[in-house]
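Chemist: Residues per chain, in single letters:
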Amino acid sequence: MIRRLLIVNRGEIALRIVRAARELGLVSIVAHSDADVDTLAVHQADEAVCIGPAQAAKSYLNIPAVIEAARNCQADAVHPGYGFLSESPEFARAVKDAGLIFIGPDADIIDRMGDKAMARQTAIEAGVPVVPGSPHAVEGLEEALSVAEDVGYPLLIKAAAGGGGRGIRVAEDAEMLTKQLPLAKSEAQSAFGDGRVYLERFIARARHIEVQVLGDGKRAVHFFERECSLQRRRQKMFEEAPSPAIDSTIRKRLCESAVALAEHVGYLGAGTLEYLFDEKTGEFFFIEMNTRIQVEHPVTEMVTGFDLVRAMIQVAAGEPLSIAQNDITLRGWAIEMRINAEDPDHDFFPSLGTVKKLVWPTGPGVRIDSGLYEGYKMPPFYDSLVAKLIVWDDSREHALTRAGRALDEFQLQGFTTTAGLHRRLIEDSAVKAGAFDTVFLERWLAEPASNHANVKEVINEQ
Amino acid sequence: MTTQQVQAPFPGVFYRKPAPDEPVYIEEGQAVQAGDVIGLIEVMKQYVELKAEVSGTLESFSAENETVLEAGDIIASVEVSE
Chain B
1 MIRRLLIVNR GEIALRIVRA ARELGLVSIV AHSDADVDTL AVHQADEAVC
51 IGPAQAAKSY LNIPAVIEAA RNCQADAVHP GYGFLSESPE FARAVKDAGL
101 IFIGPDADII DRMGDKAMAR QTAIEAGVPV VPGSPHAVEG LEEALSVAED
151 VGYPLLIKAA AGGGGRGIRV AEDAEMLTKQ LPLAKSEAQS AFGDGRVYLE
201 RFIARARHIE VQVLGDGKRA VHFFERECSL QRRRQKMFEE APSPAIDSTI
251 RKRLCESAVA LAEHVGYLGA GTLEYLFDEK TGEFFFIEMN TRIQVEHPVT
301 EMVTGFDLVR AMIQVAAGEP LSIAQNDITL RGWAIEMRIN AEDPDHDFFP
351 SLGTVKKLVW PTGPGVRIDS GLYEGYKMPP FYDSLVAKLI VWDDSREHAL
401 TRAGRALDEF QLQGFTTTAG LHRRLIEDSA VKAGAFDTVF LERWLAEPAS
451 NHANVKEVIN EQ
Chain W
1 MTTQQVQAPF PGVFYRKPAP DEPVYIEEGQ AVQAGDVIGL IEVMKQYVEL
51 KAEVSGTLES FSAENETVLE AGDIIASVEV SE
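Going line by line, the protein sequences match chains B and W.
Residue numbering for the first sequence follows UniProt numbering, beginning at 1 and increasing consecutively.
Residue numbering for the second sequence follows UniProt numbering, beginning at 1 and increasing consecutively.
Treat the hints with care, as some may be off.
Claimed, not checked - From the derived model, a few chain B residues whose C-beta atoms are all more than 12 Å from chain W:
#, residue
1, 44
2, 73
3, 97
4, 112
5, 114
6, 118
7, 121
8, 341
9, 357
10, 382
11, 396
12, 398
13, 409
14, 424
15, 430
Claimed, not checked - The calculated lysine-lysine pairs, modelled on DSSO-like cross-linking and capped at a C-alpha distance of 27 Å, are:
#, chain 1, residue 1, chain 2, residue 2
16, B, 116, B, 185
17, W, 45, B, 236
18, W, 45, B, 252
19, B, 58, W, 17
20, B, 116, B, 252
21, B, 252, B, 218
Hints are computed from structural coordinates only; laboratory data are not their basis.
For glycine and all other residues, C-beta sits at the position ideal for the given N, C-alpha and C.
Make a model of the complete structure from these sequences and hints.
Modeler: Structure, rendered in structure tokens:
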């Protein structure tokens with residue numbers, strides 16, 4: 001039983017959790033840094049406790065300080081939100097060892113799913129497809145050529161010791177593999193001091209599609225998928241649910257695979273399984289699992305009608321899932337646009353300032369998750385996400401139109417945001433057609449804006 | 001002899017070293033060339049290199065490592081070489 005919930009986060013997600021706590025009749029307590037005293041989450045919460053100085057390492061990431069605060073304010077549960085300590089097994093363990101409930105899965109599951117190799121192995125055990133690759137490093141050319149037959153072309157030759165996109169070569173066919181393999185091995189040897197390479201299928205036109213799950217430790221259900229291909233530097237900018245790329249047959253197989261994996265590990269809480277989707281072949285491959293609530297969870301809430309943050313608190317409190325898979329249906333279309341305090345015209349450099357004027361869009365099908373208010377002075381210490389503008393309508397076409405209407409109503413003075421960029425993006429013909437992959441947005445941003453579809457008048461942003 | 005003051009171009013956290021366990025970019029009293037990196041400013045999880053605009057001697061730092069700065073705060077003074 002939870003009575004007093006400590007929320008260890010800031011910004012819009014802290015406020016989102018405060019709202020869920022209030023609706024559940026819990027006492028909400030926001031743990032905040034020195035820099036976040038004057039925030040909506042702190043104002044709206046029943047109580048607040050300072051856990052340290054502005055720098056996250058000394059406050060939001062400081063496990064002993066958080067545990068001490070939790071004890072002092074007599075919390076019986078801790079919600080980590082996203083980012084910060086949300087996927088720290090040490091933190092989940094420390095919360096449990098302090099005799100409190102962690103709103104999320106067990107530390108062991110965070111550990112297991114947070115390790116890429118272990119998560120991949122777990123997916124294979126659960127019968128979930130993973131990106132085809134050589135099971136271990138390939139030695140000679142003969143072995144490589146035979147493994148390549150199973151992996152399929154085009155493929156990537158990846159340095160075992162590489163990472164972050166370094167030490168990767170592409171081979172389109174056996175002839176190229178024959179040429180590239182010795183080069184890749186000597187390159188890996190000189191760059192990483194380790195000449196081992198392995199092979200992995202190269203999916204040229206991949207989409208990022210993820211499935212929302214919720215488990216009670218025994219049973220799990222899914223809440224369908226989210227399409228998150230529109231990214232810049234691996235940061236999602238624009239998300240929608242459902243995905244325009246998959247049909248009901250693929251959707252069923254994809255979502256059932258996510259439930260299979262969640263049940264295989266006895267998952268408890270809200271979680272997301274990320275997949276690469278190859279539009280050419282219709283294949284999907286599990287890449288990783290996030291063992292927490294995600295930024296883009298509202299689009300799922302909009303198309304299913306369920307409150308995921310409330311539900312994850314209930315299962316953490318020990319309540320079994322009260323719903324069956326059949327109770328969850330898709331209705332309409334939802335879009336989330338991330339409003340970041342960044343200047344798209346200056347390489348997305350952070351744009352700081354004080355909110356001088358703020359007019360939120362309202363009306364049918366519009367939801368705002370944000371900690372902004374007039375007079376709010378943004379601190380320079382944290383993430384640049386300041387608002388999420390979410391719209392729902394009965395179809396994708398209508399949702400895009402509504403997104404434009406909402407963006408036109410939105411007025412923010414004081415600093416530059418990415419709102420204007422979204423206004424142009426939703427007018428793009430490829431975006432309207434739902435035809436994009438994970439590299440689309442960066443390519444689109446590199447084009448001069450004059451190439452993009454005309455947007456009426458000026459964007460409401462200065 | 002002129003002294004040029006290096007100001008924070010935007011708010012953020014000032015660091016004198018590239019990483020916590022590495023030495024500082026430059027010690028007080030050391031010679032500096034225009035374009036040399038003398039520190040980092042962290043703003044919204046982005047790190048921006050702070051460079052000297054003139055050549056000379058880095059006289060002193062007014063901002064300590066990990067100081068929280070407002071735009072315009074003085075970080076260091078450089079004695080400009082003639």
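Chemist: Going through the numbered hints above, which ones does this structure break? Give me the numbers in ascending order.
Modeler: 8, 10, 18
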